[in-house]
Amino acid sequence: MPMIEPLFQSFMQKAVIAGILIAIICPIIGAFIIIKRLTMIGDTVAHIVLAAFALSSLLKIINNIYLTYIIPLLATIIIFKLTKESRFSGEQALVIVLSFFAALTSIFISLGGRLNFEAVLFGSILFLSWRDIYLIFTITICITFMLLLRLRSFLLYVFDEDAFYLTGKKGELYELLLGISVSLVVVASVSLMGVLLVSAILTIPVLSSMQIARSFGKTLAISIVIAELAVVVGIFGSYYSGLAPGGLIVIILLIIFSSLMIIGKTGLRI
Amino acid sequence: MNNNIVELVRVWISYEPNVYVVEDASFNVTEGDFMALIGPNGGGKTTILRTIIGLIKPAKGTVRLFGKDIKSFNEWSWIGYVPQSIERRYAWFPLSVEEFMKLKSHSMSVSIDELYRMLEFVGLWNIKNKRISELSVGQFQRLYIAREIISFPKLLLLDEPMSSIDISFKKNLYDVLKDINENFGTTIIMSTHDVTAISTYVKKVVCVNKKVFHADNIEELLYGKALCKLYGYHVYGLNHNH
Chain A
1 MPMIEPLFQS FMQKAVIAGI LIAIICPIIG AFIIIKRLTM IGDTVAHIVL
51 AAFALSSLLK IINNIYLTYI IPLLATIIIF KLTKESRFSG EQALVIVLSF
101 FAALTSIFIS LGGRLNFEAV LFGSILFLSW RDIYLIFTIT ICITFMLLLR
151 LRSFLLYVFD EDAFYLTGKK GELYELLLGI SVSLVVVASV SLMGVLLVSA
201 ILTIPVLSSM QIARSFGKTL AISIVIAELA VVVGIFGSYY SGLAPGGLIV
251 IILLIIFSSL MIIGKTGLRI
Chain B
271 MNNNIVELVR VWISYEPNVY VVEDASFNVT EGDFMALIGP NGGGKTTILR
321 TIIGLIKPAK GTVRLFGKDI KSFNEWSWIG YVPQSIERRY AWFPLSVEEF
371 MKLKSHSMSV SIDELYRMLE FVGLWNIKNK RISELSVGQF QRLYIAREII
421 SFPKLLLLDE PMSSIDISFK KNLYDVLKDI NENFGTTIIM STHDVTAIST
471 YVKKVVCVNK KVFHADNIEE LLYGKALCKL YGYHVYGLNH NH
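Chains A and B, in that order, are what the protein sequence lines are.
Numbers 1 to 270, taken from my numbering, label the letters of the first sequence in order.
Numbers 271 to 512, taken from my numbering, label the letters of the second sequence in order.
Isolated chain B, as found in the complex (with noise of 0.2 Å):
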């Protein structure tokens, strides 16, 4: 049985015309995975990620979700996207925290108690009626992530989710990551130059730069030249087993 949560065959992805930001990208993220999107900025994640879930269109190829080619997939309720430096051009306006994590909720069977013990659990149920525009960038990253993982998506995309977020805190988020994968079976996706990050939670690595070439496993990665490859000059990852 195919149990291909996302397949990417031959994909171009271009914003001008004849210009390509991504060429020739193939891969496969199968159910269960934690998979790392990484590579150098500029690379293409951000562009993969959005393609997956339709908010590009490919010049070229085919991207399947969920066997279903994504021209005729419908089930966007399955999915849940935590965009790259969370959108701060609409924070301004008076929203309140409470509000921002209602605005989705109408579309799933989330309980407002669920929506009070996600806040609690990121830290921001005794601010849930401050205005989005008082939170600082790292909360409303979290906030973000809350939003998303509340209805227990069956696909996750992570665009650097991390990026502000404080080491404490971080490890929880991971955490939590790692426990809707594995307990719930939410296939994620998440680019990242978190590379401690990945040799501890992630599953599945595809390095990006404008071409999608190392897709293997993780001790290959960490361990082989692909990332002195991926960036050019020599990185190392540390890999965490305790």
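If we strip away everything but chain A, and leave its shape as in the complex, we get (with noise of 0.2 Å):
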């Protein structure tokens, strides 16, 4: 049984289960920020995490959980609100938030801060640990729960500010959870996907299944699909050829978008 048999091997045990997380999660909180036209917060927070890294690594903090979950989450509700209240879009003031972290990042570097550049930038299934995976489930039930349970609230928070607003509810509210959410699943990402390709796992399975679905709740469901076929490819593909996962699943993706682009253009919707 070839397919079974890295699964003996604890390594992959652990990438197998981080990655059936995280094509739950990354799915439905990327439904949330494509809506909310923030595709490149993905790639912002990212960024933020790469900083994070190699402040610890330039701090000589080996244990930097804190801080690559802390510095992120906070930059990312700072984000949120400064998209709200500046004169720029959102698109444009991520832009100018990813540079400043690329630029911390380099800083750091040059001050003698030493990261594993291949893995932090695409990806590994070596180096993710038991606490690891622990902090992913956590964050994928409590995340989905709380999506799930008020989807209609949030929905109309990113599709429709003003009709959301006459509910009464507190976007603020709404905004805090929805920029919470989006770091802590970028950050459990990172590992596996790395940060160059990690907000591909957050939108290209969404802009894939809006190809063909007539549906939010089934572009939800065929995004979630779409994302475990490539990640459960793409961590055995790594296992047996020794590639970077974050490449092979974003490569995966692309395909399934392609495929599904090519059949939305017949007119076909499920």
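Mixed in with the good hints, there may be bad ones.
Straight-line C-alpha distance at most 16 Å; calculated EDC-like pairs for lysine to aspartate or glutamate [unchecked claim]:
1) A:Lys170 with B:Glu368
2) A:Lys84 with A:Glu172
3) B:Lys327 with B:Glu368
4) A:Lys169 with B:Asp449
5) B:Lys424 with B:Glu452
6) A:Lys218 with B:Glu368
7) A:Lys265 with B:Glu404
8) B:Lys424 with B:Asp449
9) B:Lys327 with A:Asp162
Since the hints were made in silico from the structure, they are not lab data.
Put the two chains together into one complex, using the hints given.
In structure tokens form, the structure reads like this:
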């Protein structure tokens, strides 16, 4: 059973569990950020994580969990605030923030910070710990539960903010919850996907399912199936080929996206 | 007893510091009114409507809703709002007609049967599983109006609601607005350029061109010189009493 054999190895067990969880939560959160027109937020938060990695390396903090979660968390909340209050569009503000943190990373590295660039940029199946898995599991369960419990409110918030406002709900609360969710999901996904490719798992499954789905509910369901397929095949592909999992997963996602785009053009809808 | 639903008291509105798009606007809308807000493009109609529901904060002056200062007003579910040229910017996302209707229904007590009846009324029931991106502008406008009127709000604001709706359906929708206004007591404020509709359905008119300079009855508007003054050239209304 060549497919089962890798699963006897601890690092593959962790990679597969993490991958399955990430493939559930990333498309769910991705759907909301795509509607909110903040598609770049994944890339931006990933660059904040990169700066946090570089800083912790510079400060010689080996166990950098607080730094890598808390810095992006605070920064993402500020980004959500800025994109709302600045005169820039959301995407324009994100490019500025992304550039700032990329510059910080470069400075931290120049000052003596050291990173395993291949694993950090393109992902790895080797470096996940069981503590990472517990965190990813907790994040996935909590955020999925919260979003599904308040699905219509979150959808209305990202889709039609004026109408949301007239329901009397606090927009600031939803903004905060969405900011925290995006940040946690990106940080949780970075180890497997890599900084440069993490936004792909957030957006490409959703953009693919949008080609054929008739409704939001179906968009979510199809995008989770697509993400699961790409992640599981990508992780096993990485095991057998030695290639970075992030790159393989993105290539598989892009093949699915192209296929569904062609199918969508025929007018087929599910 | 004060039955003012909306009160604007010396309201000034600006998007840039010291550049006012609406100056010193004051008017009241009382319970049961069906009021039209008319004026040229860029005159401040949309700005006033959005200020009434708190989407824009005035630079000066007071806005009261149901007798309460807007800052302490919390009963937003009493209000329905149909924005101008319905925002198509997010209509590309695969949201079905039915899902769109349900987006707000969680905060109202609307059953699925009522929701389907409303979709049937606006002629969209047979395409309830279609994506909203596949609707025409007029169909989308009908859908938006349907979503906002289904819960019979106490106050309904419509910003040029019929701009893309065909003539035959326009009359049906105006009749519905009249019905919920007369039979369910919904107070309606509608910005419009449709002078013919004003003469048939509307009880009160407020004219806006940066300043509010006419807020009397419809006869005076139609037969006086108010329209000419407002638009800067000869404009006459048609009164259909039949």
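Lys265 (chain A) and Glu404 (chain B): Cα distance at most 16 Å? holds, 14 Å
Please work out if Lys327 (chain B) and Asp162 (chain A) have their alpha carbons no farther apart than 16 Å. It holds: about 14 Å lies between the C-alpha atoms, which stays within 16 Å.
Given pair status - Glu452 (chain B), Lys424 (chain B), alpha carbons within 16 Å: It holds: about 12 Å lies between the C-alpha atoms, which stays within 16 Å.
Would you mind confirming whether the straight-line C-alpha gap from Lys424 (chain B) to Asp449 (chain B) stays at or under 16 Å? Given that 16 Å is the threshold and the Cα spacing comes to 13 Å, the pair holds.
Verify the proposed pairing of Lys169 (chain A) with Asp449 (chain B), using a straight-line Cα cut of 16 Å. The given pair, whose Cα atoms are some 29 Å apart, is violated under the 16 Å limit.
Hinted pair Lys84 (chain A) and Glu172 (chain A), Cα distance within 16 Å: holds, 10 Å
Given the hinted pair Lys218 (chain A) and Glu368 (chain B), is their alpha-carbon gap at most 16 Å? Holds: Lys218 (chain A) and Glu368 (chain B) sit about 13 Å apart, inside 16 Å.
Taken at face value, is the distance from the CA of Glu368 (chain B) to the CA of Lys327 (chain B) at most 16 Å? violated, 33 Å
Holds or violated: Lys170 (chain A) with Glu368 (chain B), Cα cutoff 16 Å? violated, 25 Å
When the structure is compared with the earlier hints, violations turn up for hints 1, 3, 4 and for no others.
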